[in-house]
Amino acid sequence: MAICIQSNQEYRHSKLFSIWRGIRRNTLTVIGFFIVTLFLLMAIFGPLFVPYDYAEQNIEKRLQPPSAEHIFGTDEFGRDVFSRVVVGSRNVFIVAGSGAALAVLLGLFLGLVSGYWGGLLDDVLMRLMEVMMAIPGLLLAMLVLFSLGSSFYSVILVVGFMYIPVVTRVVRSVVLDIKTRAFVEAAKLRGESIGYILFREILPNVLPHLAVEGSMRFVYAIFMVASLGFLGLGVQPPAPDWGFMVSEARPFFSVAPWVLFFPAASIAILVVGVSFVSDGLRRILLPGGVSSDRYA
Amino acid sequence: MLAYILRRFGSIFVIMFLASIIIFAITQFLPGDVAQLVLGQFATEEAIANLREEYGLNRPFYVQYLDWALNFIKGDWGDSLVNRMPIFPMVMSRLRNSAMLALVVLMIYVPLGIFLGVLAALKRDKLPDQMITTVSMVFVALPVFVSSLLLIPLFSHYLGWLPANSSIHPDSSFGEALPFLILPAIAVALNSIGYVARMTRAGTIDVLRTDYVRAAYLKGLPRRQVLFRHVLRNALLPTVTIVAMDAGMMIGGMLVAEVVFGYPGLGRLLLYAMQNQDLPLIQACSMVAVTMLCLANLVADLLYGFLNPRIRVK
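Listed in order, the protein sequences are those of chains B and V. The first sequence runs 1 to 296 under this note's numbering. The second sequence runs 1001 to 1314 under this note's numbering.
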């Protein structure tokens, strides 16, 4: 009985709701796309137009509230917060973006190999991935950065390697599904080369998953880079790192909240924007699919 | 069931063994010269040679590893390089504090995540579902330190309900610590509520579509009874796994939250050890964190096997 009532209601409202749903989904994706584009433009062109040098100190003008001269105010060294946030956006895109790209490329390779050939290689790789996932991600990153020392490149490497297991598993599961399909069997019977089968038959079917996965990795790379920066293990000062700027500004929060607010808000807005885009990508590219992955 | 338990134990043991090799290799071999790293770049040749001798750093990798691993299992974790205090009791006291925080985090996000997930599934595609899905998507991706910095001004500066700083005495009892645990726990939980809610929503929607739920409704059972007896019992099974899969993320989140709020847990100890190049302490903290994650996975596996008899025979 309950079911009948419910489905009647659904029927009556379905058109209205589907339109409203469509708008909402589109709206979120559009908002996300707008945010990401804005930040990307800021990262590319912003540093050319910033009013001050991001590292220029001016002790006389420390902790000044936002004004016409310094629109985001100044920090405890008298540095212009706006210039630092803008230049910092470039670092976020380069570091988190390269990290995510590294994870996607290596994960794609390992997933293809592991899924297609299977056997011992697959067993060893999967066990290795399992072991990597047995170490909490942030802990693994901290340990490696402690040992290697934090630099631009070591942060990229750490973030990249950290997300390889997740990407590999996604790619592998898609390959396992695709390789039993008739068109792959047909290609094998035609005597196509392994390269052809992998790249022309299987890869196109992996790509939508990879695109969604890549966008999600970017979200979590920003998350991770910001967290590492906050802990003082990110890109080293004086290079402006949003996470580190937040931790530097904390002691001055009660007197100068703007120093903390702008980098923190930038992280929040960018991360949310990218995850909206990622969600939109999932709806468009993989309709009906619900990933059980935490990072989905 | 016994065979299932033994198999899970065996697999966890292998994973922990391999993870310990990775941790040891990263901390002791990746830096190149550990003695240099510990003593800093201005150390004398003699001091470096002494430290190498004292810690047996001239021995081959596998000897050093076995020595370290056996001592770890025996509970003989050595002394901290910074304050020369034995590491084991120090780490255990911090572990207890982190466990208290973890308990509060779980008490917040598991019931809330399940409730929101079921609500979203029942109101599928309607306003509550849209709101829950959107809001949880925002919080899942927000780093813990950013959400903490939203919570602190609101709950402690503006409303004045909860303390902004949780740097309590490390030996405080749970009751004493509780007011200081709530705000950091909320910050960590926000990251996971959305995840649990999304997975519970998906699980519930799947179960709502099954024939036995349909049959239960057609039998004329009240909605509430169908929901609790038929739907939730099956929909919540995957949630156990979800919570375990999220444990790694939660440990990372707690680590950041402990630093933000100054709470004396394992995470703050680890960061302190790193800032002071205290290698034995770093290794001990890391191994304890890995052990906790593996145990969480083991408990989830066993619980899942216990709740779902089908899995045991496989």
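Among the clues, some could well be false.
Stated by the list, open to error - From chain V, some residues computed to sit far from chain B (all C-beta separations above 12 Å):
# : residue
1 : Y1004
2 : F1139
3 : L1236
Stated by the list, open to error - Rough simulated footprint, nothing fancy, chain V against chain B, three-plus residues with beta-carbon under 8 Å:
# : stretch
4 : 136-146
5 : 224-231
6 : 261-269
7 : 274-286
Think of the hints as simulated: they come from the structure by calculation, not from any bench. Yeah, the Cβ is synthetic: ideal placement off N, Cα and C, and Gly gets one too.
Verification of the supplied hints:
no.: 1; hint: Y1004; result: holds (18 Å)
no.: 2; hint: F1139; result: violated (9 Å)
no.: 3; hint: L1236; result: holds (15 Å)
no.: 4; hint: 136-146; result: holds (count 9)
no.: 5; hint: 224-231; result: holds (count 4)
no.: 6; hint: 261-269; result: holds (count 3)
no.: 7; hint: 274-286; result: holds (count 4)
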